[in-house]
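Construct all of the structure, not just a fragment, from the sequences and the given hints.
Those protein sequence lines, which keep their order, are chains A and B.
In case it helps, this note's numbering puts the first sequence at residues 1434 to 1892.
In case it helps, this note's numbering puts the second sequence at residues 53 to 524.
Don't take each hint at face value.
As a list, the in silico DSSO-like pairs of lysine-lysine whose alpha-carbon atoms are at most 30 Å apart [unchecked claim]:
1. B:K416 with A:K1492
2. B:K419 with A:K1728
3. B:K419 with A:K1517
4. B:K419 with A:K1492
5. A:K1748 with A:K1610
Using C-beta positions, here's what the derived DEER-type ranges look like [unchecked claim]:
6. A:S1726 with B:R520: 48 to 54 Å
7. A:S1726 with B:K312: 38 to 44 Å
8. A:S1726 with B:K433: 22 to 28 Å
9. A:E1738 with B:K312: 55 to 61 Å
10. B:K90 with A:G1579: 50 to 56 Å
11. B:T515 with A:S1726: 43 to 49 Å
The set of hints was computed from the structure by calculation and includes no laboratory data.
Glycine included, each C-beta is placed from N, C-alpha and C at the ideal position.
Letter by letter, the chains look like this.
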Amino acid sequence: MVRKDTKAMNWEPVIGLEVHIELKTKSKMFCRCSADYFGAEPNSHTCPICLGLPGALPKPNVESIKFVQKLGLALNCRIQLSSKFDRKNYFYPDLPKGFQISQYDKPFSINGHIEIKGQENLKRIRITRVHLEEDTGKLTHATINGRRVTLIDFNRSGVPLVEIVSEPEMSSSDEIKDYAQKLQQIVRYLGISDADMEKGSMRIEPNISLRRVGEKALPPYKIELKNINSFKFAQAAVEYEIERQAKILKSAKTPQQETRGWNEIKKQTVSQRSKELAHDYRYFPEPDLVPLSFKPQESIKLKSEMPELPHQKFKRLTLTYELSQYDAQILTRDIKVAEFFEEAVKIAKDHGLSPKEVANTIINKNINVKNTLPAQLIKILLESKKTEEIDDNKLTAIINSVLRENPKAVSDFTKGKETAIMFLAGQTLKRLKVKADPRLVIEKIKNILASSRKRKIES
Amino acid sequence: MKNVDITNLTIKEASKLIASKQIKVKELVNLHLGRVKKLNGKLNAFITICEDQARHQAEKVDILIAQGQKLGPLAGIPFAVKDLFSTKGIKTTAGSKVLENYVPVYDATVISRLKNANAIIVGKTNLDAWGHGASGENSDFGPTHNPYNLKRVPGGSSSGSATAVASGSCLAATSTDTGGSTRQPASFCNLVGLKPTYGRVSRYGVIAMASSLDTMGHMTKTVYDNALILNITAGKDEFDSTASDGIVDNYAEHIDKGVKNIKIGLPKEYFDGLEPKIKAAILKALKILEKLGAKIVEVSLPHTEYGVAVYYIVQPAEVSSNLARYDGIRFGFGREMFGAEAKRRIILGTFTLSSGYYDAYYLKAMKVRRLIRDDFINVFKKVDVLICPVSPTLPFKIGEKNTNPLDMYLDDIFTVNANLAGIPSLALPCGFIDDLPVGIQIIGPDFSEKLLYQVGYAYEQETKWYERTPKL
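Written out as structure tokens, the structure reads:
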């Protein structure tokens, strides 16, 4: 049987990921301008430093360095005690100094890992490095008065950007998606970024190549994918590449090393830059910034300040509250939901409600934790359970009229058809128009029927 | 107004005249502006003359004085600014056509400090474009002339600053020193020029040449005046993370302490094959210091000879990166406007930083740089300061050296090592040879500026070379 050449039968994808995340610091990385530029008027968040004016010098933002080190710790990295910034030299109109301040051979953290869902078990993806660099300005191509122009907005210039580089250890589009989502979740737990793909505060760049199944060495080429702004597109681009490269390899050729982008309209990757045009970035130590050294105690202190991470919270919630893995998974996806849950559980305890009930309500009622208070949730939960006090005479009157109007059901019940009572109870509840405990109503109907039978016998 | 000859006026004296109300700041500024305008056609020391701003500032300072406010010694002092220092609202060209029309929106830290001290900017001075040169001939705005001999260069790259002070057009001028750009022109123009310790004076706002070597200096007629300015410019700056937060001395206080028992080292490598007349002038200076109580010892700085080679790898590498922003997108003119020397350094630096060459050139040079610094650290265990020549030559003729760049690079031979080591050096006059000024430099360990001033002052008081002004 000829199998369709989809998942590249003899070929195995080798995928690594470079992820850039903009840090949510108050000010930019090397100046005092606000880093919260989203939606701001172009070039309104600028100064001599982030505009790269002649003579301006960078002044490091300590907060951004702490953020990167925290992320390093959360990704099980080693925090380097000695680190420095380097200049990455290249020309682009959005780069005002003609170089980007980045880190070359001494990043803030190295050698970490992240656990993702593998085909069967958890799979450990090693993280090579986590380093800090500055973001560039943004170009907009427009037509003004009939002229095609390119406008530069430097609001983003100098916003701190963390780069997380993984080893090429992923082998499917599902794995890269899970890796990226785990990373996003950790970053959000740390509160260091919104990591929003659509807004560009998180950008993922997979590099992908194929090798024969069973081979250990890295393939002699790799394709870098850029300009992807959603998890969905990342998956689609990777899947497209696997197919494209498999076809080339099947014809006994090697794909050309290059950078490709994702065209969402055509649903295909397109060549952007070939190897011949690859940059020589001429890295050298940034002379305007002094090398940084950190004491081991500082990283210990930083560790003590770390919030509970997603996997830790997941574990604790399942153990402490006896939640199912499924429930814990949903509740810990967003730290705000998890915190909301725990707050609500505290209040729930006073009302004799179980954590499971709280979890169910959050999950099933799809509670928006942003505009609901935990106390409100408990109220909702209690209300759904509460039965109203019903005037006994009123209930008796309604039941009597239901019984009168449904002689067939009454006789069915007296003949031993138990379900008939359910019908009668339903009719009664309907007429009551308030919440009543069905069990109480059934009990009452039974009593009335029994006493009327008794009266009949006696008379 | 007292009849004042501004050609040999010092800051110290001018400050006294102002304080005692013998002269108004406006009068003092006008006298200097008059001289600036009269001589600029001949000397080409200024790219921009700030006549209106200077008069306006002078009036303001006069008002403060009239109000009885206690002002510092630089209040009302006319000074010139090397055109590498950003000056808010005043064109700042770096001596290059690339920035011909660039007007900064902010002041360099040194400038804002001098302005806060109520000093008055009379103009922006000419220089070798971007600071690249030792003669002033690399300026895109024409060469500056040495006031002591108009056919000769004033040195560089702070050529206009040196000529401006020496010609009596102002009482002081800011300058930069990346490989000798303050000391060599000071020495060519009979002035006192300080290259401070790297990190002593903020670099913020000064157009960068080679960031790990650039220092912000200044030139004056006398040692005392020089110390007064460092009192204002030195100190930490939140905008320059390489600026030291170490405490700032009062450099003028106890400047007359003398040199009794000061150990002066004579680094032999700086005297091998030195032009005999220059050597004789320096040895004569040492004799005077010895007579004043200093002890002279010969010492060795074994890695001296590698200085120029290291410098011409590290410096162009940083230059190539620092000049990358002048890409024609924002500053009016594009890369085609760079002069030959800037292009040469961009190409050299780009090459030595390229992958495959970085280790052999840049990295190696940085290692040798460390050895050069270690030489100084070791020698300062034995002596307090070093004295050596500033330049291997006297002020040369305009056009004499500019056909061979390597020849010009070798003019930096005695000055680059202090930059590579990051240590301070004070250049000051030590006489005249064939009516041309000669200088010596006093080099000390990190942050020893106060000691350098004390040694310089002791010598200056004996010789008073500053009294010999040019005939213009």
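Now for the hints, and whether the structure bears them out:
Between K416 (chain B) and K1492 (chain A) the CA atoms are separated by roughly 28 Å; this keeps the pair inside 30 Å, and the hint holds. The hinted pair formed by K419 (chain B) and K1728 (chain A) meets the criterion: a straight-line CA distance of about 26 Å does not exceed 30 Å. Restraint check for K419 (chain B) and K1517 (chain A): the C-alpha separation of about 17 Å stays at or below 30 Å, so the hint holds. Straight-line distance between C-alpha atoms of K419 (chain B) and K1492 (chain A) comes to about 27 Å, which keeps the hinted pair within the 30 Å bound.
Of the supplied pair hints, the one linking K1748 (chain A) and K1610 (chain A) holds, its CA atoms being roughly 22 Å apart against a limit of 30 Å. At about 51 Å, the beta-carbon gap between S1726 (chain A) and R520 (chain B) stays in the expected band of 48 to 54 Å. In this structure, S1726 (chain A) and K312 (chain B) meet the distance hint of 38 to 44 Å, their C-beta atoms being roughly 41 Å apart. Checking the proposed 22 to 28 Å range against S1726 (chain A) and K433 (chain B) shows it holds: the Cβ atoms sit about 26 Å from each other.
Look at E1738 (chain A) against K312 (chain B): about 57 Å separates their beta carbons, and that is inside 55 to 61 Å. K90 (chain B) and G1579 (chain A) have their C-beta atoms about 53 Å apart, which keeps the hinted 50 to 56 Å range intact. About 47 Å separates the C-beta atoms of T515 (chain B) and S1726 (chain A), a value consistent with the hinted range of 43 to 49 Å.
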